[in-house]
Amino acid sequence: MELSLFGQQLSLFPIYLSLKVAGLSTLASLILGTLTARLLARRRSVCAAVIDSLCTMPMVLPPTVLGYYLILLLGQKGLVGSVLKEVGFQFMFSWQGAVVAATVVVFPLIYKSAKTALEQVDPNVEKAARTLGASEISVFFSISLPLAARGILSGSMLAFARGMGEFGATLMLAGNIPGKTQTLALAIYDAFQAGNDALATCLVLLTSGICAVILITADYLLGGSR
Amino acid sequence: MIELSVQTTLKGKHGAFSLDINLKSSASRLVLFGPSGSGKTLTLQMLAGLVHPRQGRIVVDDTVFFDSSKGINIPARSRRVGYVFQDYALFPHMTVWQNLAFALHQKEKHFPVVGSAFRVLFPARLTEEQQESIELILELLEITHLAGRRPSQISGGQKQRVALARALLISPRLLLLDEPFAALDPLLRIRMRKEIDKILQNCGVPLVMITHDPEDVDAFAEDLAVYADGHILAMEHDFCSRSLFAQDSLSYLSDILSRGGQADRPFGFDDV
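Read top to bottom, the protein sequences are chains H and C.
FYI, in our numbering the residues of the first sequence are 1 to 226.
FYI, in our numbering the residues of the second sequence are 227 to 498.
Isolated chain C, as found in the complex (with noise of 0.2 Å):
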């Protein structure tokens, strides 16, 4: 369950953008909807623990992450939260299979500076137990082939699966996807939709997913948010059995966003 209220204020070179979010979801999978620049990414690195807001407050499940009226802030590390950026963010100096330990070895306790920069230099081997949960999630993204390849020597369809496995090996109570599909060409994009669903659904981990592009939301939505400049137009709870009437979700959300919020809804539209 994911509860999220946030006000913020960011300052950019073209003016100040203010995100003002209230957001509560119990579904195994919410899509955040919405054009580029509405606050959607700002959103899910205040999930991640790595953007703060200004005031507000972040729970997940039972842990708050985020509480400013009690100064409770839990560092991105300790947050366990599986993040797939939107340009995957391999490690490039880091073969695949380095890049997968890398998410086993923040596991050990921390090191002071020197035993940090030793471990640089010198890497703990892993156990037996974690070469195997490496060598399984390899299996399972069908990606053992590349264990020895740079991001640099791999295609884009290939870099998602290494960062999908990447974020899975942290055994994340949440998993963020950031338009995860927009950098594939058309037909791969179809392809690895269907295979995220169903290694999605093999893991079973709660799932938030930003998205620009309709088809992610008639394939993902359990629950919807609609965002529009820093806000949220429209809530809609259970989406994907009310999509069997309301059909056409194109139709919807251009309807929604063009008309700022105010569209003729289709049943079950619930205002926010």
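Just chain H, same shape as in the assembly (with noise of 0.2 Å):
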């Protein structure tokens, strides 16, 4: 598949996967962060505090540190990867690499902003859902979820636009294999130390006109949705 633009002529795939990688990993930590936030909303025990901290680590820590930490859990001789090699399947250098690298990185978007709405739900209407009889379970479906639904989606849409320019993590773990692990922000910087200008050029503007649209949908999605 290819795409002729300012008389480039772009493979389509980076685009295909990086939208791909984004909107899994976006999916996973909106149920993982989500989930996370719930269990450490409105905590004020040191061991909460600890574990808030290590869910936030990954927005300060460099990508390539995550990446490196990644290698050592899922490389083929890593914790888990060594494992997981025994079935034959494994992260390094395959496109679920990419989705499990941008996964860590934007999980604390969402996490942060799902754990600050959850803790803006008016705790009398939570304790008045558990007078009426619901169960701890059905307390969050249908009251705390729906009321900090908004602070969650707006954190799942800087996660994916996060998501779409994922480089680093992306490129210690998945690497960069034209066509099977090259996102939009790998090919970009392929093409500029290729010394193709033109096609880093039509890539970049690419890259910065989805992200544009992703961003300028959500505000609208958010604000009208009321």
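For the record, the hints were derived by calculation from the structure and aren't laboratory data.
Errors might be hidden in some of the hints.
Claimed, not checked - Here are some of the chain H residues that sit facing chain C, going by a computed Cβ distance under 8 Å:
1. 125
2. 131
3. 135
4. 147
5. 161
6. 215
7. 217
8. 219
Unchecked claim - Covered stretches of chain C (in silico footprint by chain H; criterion: 3 or more residues with CB under 8 Å from a CB of chain H, positions within the stretch not fixed):
9. 299-307
10. 313-326
These figures come from a predicted structure and were not determined experimentally.
Beta carbons are placed, not taken as given, at the ideal position from N, Cα and C, and that holds for glycine.
Got two chains here, separate frames each, mind docking them using the hints?
So this is what it looks like as structure tokens:
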């Protein structure tokens, strides 16, 4: 699949892969991040504080550090990776690896916004639901989650945009294999390194356009939903 | 009948607050009176099972809700205690009808996580019987015309009626009202006081009410507990009949609070 833009022949694969990786990693983080946020919201213990900072770490650590940790964990000789290798699956140099890397990177964005949003839900409203006979699960799904949805969604939109631009951790874990693990960000780096400035410019404009569309859509959806 | 004997300590930003309450009342209307921060709301939340005391025992009618020595602690959802919050705590994302329906949905058996998520998207339909009971309570509280509105679209007095209707729908064995009239303007307050009095007479649910307004004490108290600083300063049984003799409950109440429970009591007030 190829696309012609400003006289440049572009492969569509990096765009498709970037969207896929960003989408899947956002979905994974949405579930994991919201559940973690639910478990840690309104907790004030030392243990909760430690877990909270661990969950936020990916936001401040250099992506290369994250990539390195992931290799230690999922690499061929890694803790989990060596077990998975036995069953014939590996995250290294595969698009699934890119998803894992992006998930770790975008997780804090969703976790943080979900936690803030859940903590802003009026505790009395949740308590009222309990006195009406609601179980904790029912309180979460029918009261807390709908009331926090706006905050969680805006976090997800940021996460998706961030996932589109993920570079460092993905490069470390999934590598830069054209047609297999080469996302938009990696393709730009490749083109620039190869001295193909025209292609790089095209890809840069394309990425900027896609991200702008995502942010504008998010703003529109979140602003117009009430 | 309510029997409550609890001790607990809360740590807040401004130091620790300790609560030590012994309360026994078989009246159908118990009023907890006292200044803000004296532990009234905490007592109510313990009755509802929203806060757990460090130790003690809570019994309502013949059901033990909480007993630290025997390790009994019935969760809030199983206590069937109707709670009307001071700020009403209506579900802002649901219509009045849905707020009421929520109370009935919870009677169904509990679904596992997936089922629960599914139910949020596709709520179970109410049986005809359930719909009727909602319509009945809407009529009783004269809010039928509000059924389709959201809490943000109705007034304070209307919110209170909805909150009361919602609490009554679980057919509670005990109804808790936290400062029910504090947020209303004075004229509405007088009206709602009369109306709630009438509705409660119809329903016959035992009531525990928190207030710091002596007029509420006059209007509702059969039994009266005067709170200060996490303790009960005075417990007065059968207050409504005796207040005929001690006409001025306001001066009595302020007296008792200002002297830390050592007030010169009018006829009939006992120490606790």
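Evaluation of the provided hints:
no., hint, result
1, 125, "holds, 5 Å"
2, 131, "holds, 4 Å"
3, 135, "holds, 5 Å"
4, 147, "holds, 6 Å"
5, 161, "violated, 27 Å"
6, 215, "violated, 26 Å"
7, 217, "violated, 23 Å"
8, 219, "violated, 21 Å"
9, 299-307, "holds (count 7)"
10, 313-326, "holds (count 6)"
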